[in-house]
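J.: Sequence:
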Amino acid sequence: MKKYFTIFILCFVSFSVNAQFFTGAGVNLLLPHESSAQRDFGGGINIYGGYCVIDKLDIGLDIQYNRFVAIVDHYSFYGLKAFVEYRFFNKSIQPLIGVGCGFFEERWQMLLNLPDYTQNGFGFSPVVGLLFDNDLIDGLKVKTELSYTYVFTDTPISHFGLNLGLRYYF
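So the mapping is simple: this note's numbering equals the position in the sequence shown, first residue as 1, plus 89.
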């Protein structure tokens, strides 16, 4: 009897939630705020995927790779974070707010063939943005967002970001 009840509850939840998956990619323009190295500006890419839990609430994972113009050679910033975003309205333009947290790494090349400098830490990233419908392909949306990333390390790392990308719900 317990098996049938569990199967019934799972079926009920799956049909009532009406959830869907999404994936996306984007480009980032970053302006530094704090770091252990002098940075000017940076750019990079990110790819992500997730699940639309309810009509306006998305959860997912985001992987990012960024390079900065800096005093040191080959300054890069990596991130793997989980995020939650809430979209307002069900219109062609949807404002959104969200927060992400996860693992980040700062890395650059040292002089004289010494090992690369790395600094790892846990960080968070609040975002605000807009999601625009696309009339060409059903489920495809254009995403723009402003973000702030702060990483808790011995020497804190933080930067502001402007992100532009595509998101596809399937």
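No lab work stands behind these hints: they were computed from the structure. Model, not experiment: these values are computed from the prediction. One thing to keep in mind: the hints can contain errors.
If you anchor each label on the Cβ, the simulated ranges turn out as follows [as the list claims (entries may be wrong)]:
1. N223 with I148: 21 to 31 Å
2. N209 with V116: 36 to 46 Å
3. F192 with L251: 19 to 29 Å
Every residue gets a Cβ at the ideal spot worked out from N, C-alpha and C, and that includes glycine.
J.: Does each hint hold? Answer for all of them.
T.: Hint check results:
1. N223 with I148: 21 to 31 Å: Since N223 and I148 have Cβ atoms about 22 Å apart, the given range 21 to 31 Å holds.
2. N209 with V116: 36 to 46 Å: Given range 36 to 46 Å: violated, Cβ gap about 24 Å.
3. F192 with L251: 19 to 29 Å: Because 23 Å falls inside the window, the suggested range holds.
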